[in-house]
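Engineer: In case you want the letters, here they are:
Protein chains: 2
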Amino acid sequence: MQQEPAQHQKLKELIPMHSSIIAGAGLIGLEMVEAFKKRGQTGRGDMDVTVVEMADHILPSLLDKNMAKIVERELEANGVKIILGERVEEILGRDGQIKGIITSAKRNIDSDFIVLGTGVRPNSEIARDAGVELGYANAIKVDEYMRTNIPDIFAAGDCATARNYITNKDTYIPLGTTANKQGRVAGENVVGGNTKFRGIAGSAITKVFDLFIGKTGLTSEEGIRNGFDPVEELIESITRAGYYPGNKPIWIKIVADRKSGRVLGSQIVGGEGVKERIDLIALALLLKADIRDLASFDACYVPPASPVWEPINIAASQTAKLVI
Amino acid sequence: MQQEPAQHQKLKELIPMHSSIIAGAGLIGLEMVEAFKKRGQTGRGDMDVTVVEMADHILPSLLDKNMAKIVERELEANGVKIILGERVEEILGRDGQIKGIITSAKRNIDSDFIVLGTGVRPNSEIARDAGVELGYANAIKVDEYMRTNIPDIFAAGDCATARNYITNKDTYIPLGTTANKQGRVAGENVVGGNTKFRGIAGSAITKVFDLFIGKTGLTSEEGIRNGFDPVEELIESITRAGYYPGNKPIWIKIVADRKSGRVLGSQIVGGEGVKERIDLIALALLLKADIRDLASFDACYVPPASPVWEPINIAASQTAKLVI
Numbered sequence: 001m002q003q004e005p006a007q008h009q010k011l012k013e014l015i016p017m018h019s020s021i022i023a024g025a026g027l028i029g030l031e032m033v034e035a036f037k038k039r040g041q042t043g044r045g046d047m048d049v050t051v052v053e054m055a056d057h058i059l060p061s062l063l064d065k066n067m068a069k070i071v072e073r074e075l076e077a078n079g080v081k082i083i084l085g086e087r088v089e090e091i092l093g094r095d096g097q098i099k100g101i102i103t104s105a106k107r108n109i110d111s112d113f114i115v116l117g118t119g120v121r122p123n124s125e126i127a128r129d130a131g132v133e134l135g136y137a138n139a140i141k142v143d144e145y146m147r148t149n150i151p152d153i154f155a156a157g158d159c160a161t162a163r164n165y166i167t168n169k170d171t172y173i174p175l176g177t178t179a180n181k182q183g184r185v186a187g188e189n190v191v192g193g194n195t196k197f198r199g200i201a202g203s204a205i206t207k208v209f210d211l212f213i214g215k216t217g218l219t220s221e222e223g224i225r226n227g228f229d230p231v232e233e234l235i236e237s238i239t240r241a242g243y244y245p246g247n248k249p250i251w252i253k254i255v256a257d258r259k260s261g262r263v264l265g266s267q268i269v270g271g272e273g274v275k276e277r278i279d280l281i282a283l284a285l286l287l288k289a290d291i292r293d294l295a296s297f298d299a300c301y302v303p304p305a306s307p308v309w310e311p312i313n314i315a316a317s318q319t320a321k322l323v324i
Numbered sequence: 001m002q003q004e005p006a007q008h009q010k011l012k013e014l015i016p017m018h019s020s021i022i023a024g025a026g027l028i029g030l031e032m033v034e035a036f037k038k039r040g041q042t043g044r045g046d047m048d049v050t051v052v053e054m055a056d057h058i059l060p061s062l063l064d065k066n067m068a069k070i071v072e073r074e075l076e077a078n079g080v081k082i083i084l085g086e087r088v089e090e091i092l093g094r095d096g097q098i099k100g101i102i103t104s105a106k107r108n109i110d111s112d113f114i115v116l117g118t119g120v121r122p123n124s125e126i127a128r129d130a131g132v133e134l135g136y137a138n139a140i141k142v143d144e145y146m147r148t149n150i151p152d153i154f155a156a157g158d159c160a161t162a163r164n165y166i167t168n169k170d171t172y173i174p175l176g177t178t179a180n181k182q183g184r185v186a187g188e189n190v191v192g193g194n195t196k197f198r199g200i201a202g203s204a205i206t207k208v209f210d211l212f213i214g215k216t217g218l219t220s221e222e223g224i225r226n227g228f229d230p231v232e233e234l235i236e237s238i239t240r241a242g243y244y245p246g247n248k249p250i251w252i253k254i255v256a257d258r259k260s261g262r263v264l265g266s267q268i269v270g271g272e273g274v275k276e277r278i279d280l281i282a283l284a285l286l287l288k289a290d291i292r293d294l295a296s297f298d299a300c301y302v303p304p305a306s307p308v309w310e311p312i313n314i315a316a317s318q319t320a321k322l323v324i
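Here the protein sequences line up with chains A and B, keeping their order.
For the first sequence, position 58 matches number 58 in my numbering, and the numbering has no gaps at all.
For the second sequence, position 185 matches number 185 in my numbering, and the numbering has no gaps at all.
Keep in mind the hints are simulated off the structure, nothing from the lab.
Certain hints may be false.
Within a straight-line C-alpha distance of at most 20 Å, the following computed SDA-like cross-link-like pairs (lysine to any residue) qualify [unchecked claim]:
1. A:LYS196 / A:PRO174
2. A:LYS207 / B:ARG292
3. A:LYS288 / B:ASN226
From chain A, some residues computed to sit far from chain B (all C-beta separations above 12 Å) [as the list claims (entries may be wrong)]:
4. HIS18
5. GLU76
6. ILE98
7. PHE113
8. VAL115
9. VAL190
10. ILE205
11. ALA282
12. PRO311
Keep in mind the model is a prediction, meaning the values are calculated, not measured.
Note that CB positions come from ideal geometry on N, CA and C, so glycine has one too.
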């Protein structure tokens, strides 16, 4: 979504003051956390920022708890307060001004600014009312050609379902990358083409302060729900040779199926090189790679961009030990 | 190879003066070019550095001519002189001091320091004399278990051959990554293990001034020599969203087989994110991926690490148009 400069400016001017609450520690919520914290530092002194998340860890759609811990430490090091396992239950106001919230645990927090980053739902009512079939999460149900149930009506992007290429089930993960690819397929087919959308792996990434945080494929829990027998290992490595300036930590978890060895997904948190490594795993998922392929492909080495053993090779070797 | 600090120091002290010549614009040659140029700048004023390469472009083992041009511009922008298509034929001296060179085109260049970076040969004589069979490029011939022709004698690393997993032929590309992986396999098998080395894709990377330069798999020319019918396309993209600070250019070429669509190799030059993208292609090569897989896998997007369309997706889409 593109913000008009005027609205953008208006939001900036609205930004407080001395305290804000972000409800929901998802992708949008955490981007707001950083923006507010930095705006405070550069603009009008330090600002209290509290994020309230109903799950027991932040970024629940991207990370397992042990990966989320790494990001929670980064947030706390930057002065962000995190409240987990509680929901915003009531917003308090006085004289038309926001004054604070009450959480599901009856915690009362004063604040003059609240952002709700609690999720996205497809805006599909108009389609439904026109007789277009809805599917997963009430998104418009499309096939791999982006066709709906009604001839000559196509759908793509944040209103439509997408097929997960690991589980082969419909899902709803509204992201610009998917919208872009689906839109191209729909466009080609609308004018008589015969192009297929290959589906998604649920690849997503964000950056919070100095950490990139990415996910693709399934977590172990999602693997179990889809009939796999997942194993996983979490490793910590570095993004450059030990002696090279600017070296940053990187944490990688790769999930694989115990019986078949098939790669199921990955979560990566680190200072750099996260996006491209998530992409590598996303490709591995499309190609139904074995965890031993990831352990032994011919990765290259240059001191300013990796240690001698590519961290993906290391992480996959560790997970591979758990595969029978 | 690890330099002893004492030797390292000695080399630093030897570094001139006012001019140096690097014979051979390969990986080692170009690393020396940068080191000398920077040493000159930070140490004792500017230094003339001239690189003499017998091929018609630099980094001939890594890059095609059109990719090499990008790196040649970077070298020239940093004040490096490049002489192509000529060999160092004679080294001139006087009173035990180096005075310059004469090239195969009878060009006479004054210089007080010359580095020969003209290639690597396996140090395999002792093995040959002991009856161990040599193979490609006189490296010790090993199978996938790192066994030689003599029972109980194993070889690994810069003295040994490695199987290319695209062509399935033996090759010799002595790099630390391969030595590391082969050494581990040999070690396990020496003590009774049954581990296979999966082979190499010829993945290699270097950094020269502000550019990373990587290659994996085959160039089109190498593809033809191995019975493929290669097509390729070179694209220029960026490493971050257009508006994001620190955005850098990246050039990607992907080679595929016209008939089968199989990915054959890639060359990438750019300011960041080159190593991980070469790794992604190296994995694609191991998995015998189709160029259309690379065009459509679910890459993730975050403004500080890519444009919305991952550059690999873009490059592969362009090459895919040439596949029948």
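Engineer: Hint by hint, note whether the structure agrees.
Structural biologist: A quick look at each hint next to the structure:
1. A:LYS196 / A:PRO174: Given pair A:LYS196, A:PRO174 holds - Cα atoms ~19 Å apart, limit 20 Å.
2. A:LYS207 / B:ARG292: Roughly 29 Å between the alpha carbons, so the hint for A:LYS207 and B:ARG292 is violated.
3. A:LYS288 / B:ASN226: The hint is violated at about 27 Å.
4. HIS18: It holds; A:HIS18 is separated from chain B by about 28 Å at its closest Cβ, greater than 12 Å.
5. GLU76: holds, 22 Å
6. ILE98: holds, 30 Å
7. PHE113: Nearest chain B Cβ is 24 Å from A:PHE113, so the label holds.
8. VAL115: holds, 20 Å
9. VAL190: holds, 19 Å
10. ILE205: violated, 4 Å
11. ALA282: violated, 5 Å
12. PRO311: violated, 10 Å
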